[in-house]
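**Q** So the chains spell out like this:
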Amino acid sequence: MELSESVQRGLQLAAEPSSVDHRGFQALVDSCFRSLLSSQGDPAVLDEPELKHVDRIQLKQVHSAATTFILEAVKQDADKSAVSSSLEELSFSTERIEIFYSSYQKHKKELERLLASIGRSPARINDVSWRLQYNTKNGQLDKVNEPSYLISLNTENQGTSEDISFTCTTEQLQDLVGKLKDAAKSVEKASQM
Amino acid sequence: MSEQQNNHKQVFCFSSVVEEFGHIALESLRRGSSPKIYESAAKKLFVPMEMVQHGVEGLVFLLMESSKHMISEVNFLDCVLVLGFSEEVNRFLLKLYQEHQGQIRTIMKQLICSQPTYQNLEWRLDVQLASRLLRQQIVPTVVTRLFLTSGTDSSSRVLQTDPRTLLHIIYTLEAALAAVKTSHTRRILRNIK
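The listed protein sequences correspond, in order, to chains A and B.
Quick note, the first sequence lines up with residues 6 to 198 if you use my numbering.
Quick note, the second sequence lines up with residues 1061 to 1253 if you use my numbering.
Mixed in with the good hints there might be a few duds.
Below, a sample of chain A positions facing chain B; criterion: calculated Cβ distance under 8 Å [stated by the list, open to error]:
1. K80
2. W135
3. Q145
4. T165
5. L181
6. K186
7. V192
Below, a list of computed lysine to aspartate or glutamate pairs in the EDC-like style, where the Cα atoms sit at most 16 Å apart [said to hold, decoys possible]:
8. B:K1253 / A:D147
9. A:K57 / A:D35
10. A:K190 / B:E1182
11. A:K80 / A:E7
12. B:K1155 / B:D1138
13. B:K1169 / A:D147
14. B:K1128 / A:E7
15. A:K148 / B:E1125
16. A:K186 / B:D1222
17. A:K186 / B:E1182
18. A:K184 / B:E1234
19. B:K1104 / B:E1079
20. A:K80 / A:E115
21. B:K1241 / A:E176
22. A:K142 / B:E1125
23. A:K113 / A:E103
24. A:K57 / A:E100
25. A:K85 / A:E100
26. B:K1241 / A:D52
27. A:K186 / B:E1234
28. A:K194 / B:D1186
29. A:K184 / B:E1182
30. A:K114 / A:D84
31. B:K1169 / A:E151
32. B:K1096 / B:E1080
33. A:K65 / A:D52
34. A:K190 / B:D1186
35. A:K113 / A:D82
36. B:K1155 / B:E1182
37. B:K1169 / B:E1133
38. B:K1128 / A:E103
39. B:K1253 / A:E151
40. A:K190 / B:D1222
In case anyone wonders, no lab produced these hints; they're calculated from the structure.
No residue lacks a Cβ here, since even glycine has one placed at the ideal position from N, Cα and C.
Using the sequences and the hints given, assemble the complete structure.
**A** In structure tokens:
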């Protein structure tokens, strides 16, 4: 994995027992994963008692380097050998590599889900509701006498939801359902390839 | 019909004139009227433009009201008889009404459109492979473009959904289509006319 100089430097600090002792290292790893996974930034995430002995500035450097490293590893779907060899190059002991890797394994899926959910995409359709009505007459026309559907698509885009409503005749609804079924068929075919 | 409309009809003395007015009236229902059309017709017939305009407006009103109430042949002729035109003119007006009633009703339907109407749906199967934040993905997505029209404006929206939601939507809309075939619905459609 390619890492920037500042990330390498920060990680090297974490590797050194003189900067971060053994108990501190486990607490450090836990804090890093916690700050990535929590939905809100917690300013007290590095206030663990095991980390009191670490120099404040160095602690911040290590934290930012480690979280960058974790995200890069998840992004690339790094396996054990990739993670281990990167950490070995930065002088991490086997023990510390094990500690790091076990936390990485534990939280990897959740981090993947988090990263996949960030980004721009069109609004997602979540649900659809419908109503069948019978129009007899309106302000412009008498003797309409037609059934019509009112369809409402419930969509969501990055948290905000929106309803898209429209009317259609029976034939138009048949057309819509036909096209959706074509799409579903092609998904099925693709999944069998 | 009001006195005003009756006065407008005074210009319908000659059958050729009526034909020309018929064409202009239908065009103005379809596409809207313009002073240029009135002017060129006025020049051709050697009458002032206001007369052409009033004549066309009266004819449009006659066609719209007749189509709105879907009046029968007998009733239409009764209405027109009051105006005192020749037999030929009356027959021409009746033919104009009968041939274009469906079209006129379709145009008038668009006038009351308060909600968008379904036009078309295009779809595409995408598989997301990577994003800026996460590589090595395999996420099947169905991307659709929904076309709606609202009166004369049309719009389209890009929406996406996943295969499972797609199946749920198809299932729900098929239930909607089934609703129009139930005995309850059939009874209402038969009896309320």
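**Q** Each hint should be assessed against the structure and marked as holding or not.
**A** Cross-check of the supplied hints:
| no. | hint | in the structure |
| --- | --- | --- |
| 1 | K80 | holds, 6 Å |
| 2 | W135 | holds, 4 Å |
| 3 | Q145 | holds, 5 Å |
| 4 | T165 | violated, 14 Å |
| 5 | L181 | holds, 6 Å |
| 6 | K186 | holds, 6 Å |
| 7 | V192 | holds, 5 Å |
| 8 | B:K1253 / A:D147 | holds, 10 Å |
| 9 | A:K57 / A:D35 | holds, 15 Å |
| 10 | A:K190 / B:E1182 | holds, 15 Å |
| 11 | A:K80 / A:E7 | holds, 12 Å |
| 12 | B:K1155 / B:D1138 | holds, 14 Å |
| 13 | B:K1169 / A:D147 | holds, 11 Å |
| 14 | B:K1128 / A:E7 | violated, 74 Å |
| 15 | A:K148 / B:E1125 | holds, 13 Å |
| 16 | A:K186 / B:D1222 | holds, 13 Å |
| 17 | A:K186 / B:E1182 | holds, 12 Å |
| 18 | A:K184 / B:E1234 | holds, 12 Å |
| 19 | B:K1104 / B:E1079 | holds, 13 Å |
| 20 | A:K80 / A:E115 | holds, 12 Å |
| 21 | B:K1241 / A:E176 | holds, 13 Å |
| 22 | A:K142 / B:E1125 | holds, 14 Å |
| 23 | A:K113 / A:E103 | holds, 15 Å |
| 24 | A:K57 / A:E100 | violated, 22 Å |
| 25 | A:K85 / A:E100 | holds, 14 Å |
| 26 | B:K1241 / A:D52 | violated, 67 Å |
| 27 | A:K186 / B:E1234 | holds, 10 Å |
| 28 | A:K194 / B:D1186 | holds, 13 Å |
| 29 | A:K184 / B:E1182 | holds, 8 Å |
| 30 | A:K114 / A:D84 | holds, 13 Å |
| 31 | B:K1169 / A:E151 | holds, 12 Å |
| 32 | B:K1096 / B:E1080 | holds, 15 Å |
| 33 | A:K65 / A:D52 | holds, 11 Å |
| 34 | A:K190 / B:D1186 | holds, 14 Å |
| 35 | A:K113 / A:D82 | holds, 9 Å |
| 36 | B:K1155 / B:E1182 | violated, 41 Å |
| 37 | B:K1169 / B:E1133 | violated, 22 Å |
| 38 | B:K1128 / A:E103 | violated, 81 Å |
| 39 | B:K1253 / A:E151 | holds, 10 Å |
| 40 | A:K190 / B:D1222 | holds, 13 Å |
The structure shown violates the earlier hints numbered 4, 14, 24, 26, 36, 37, 38.
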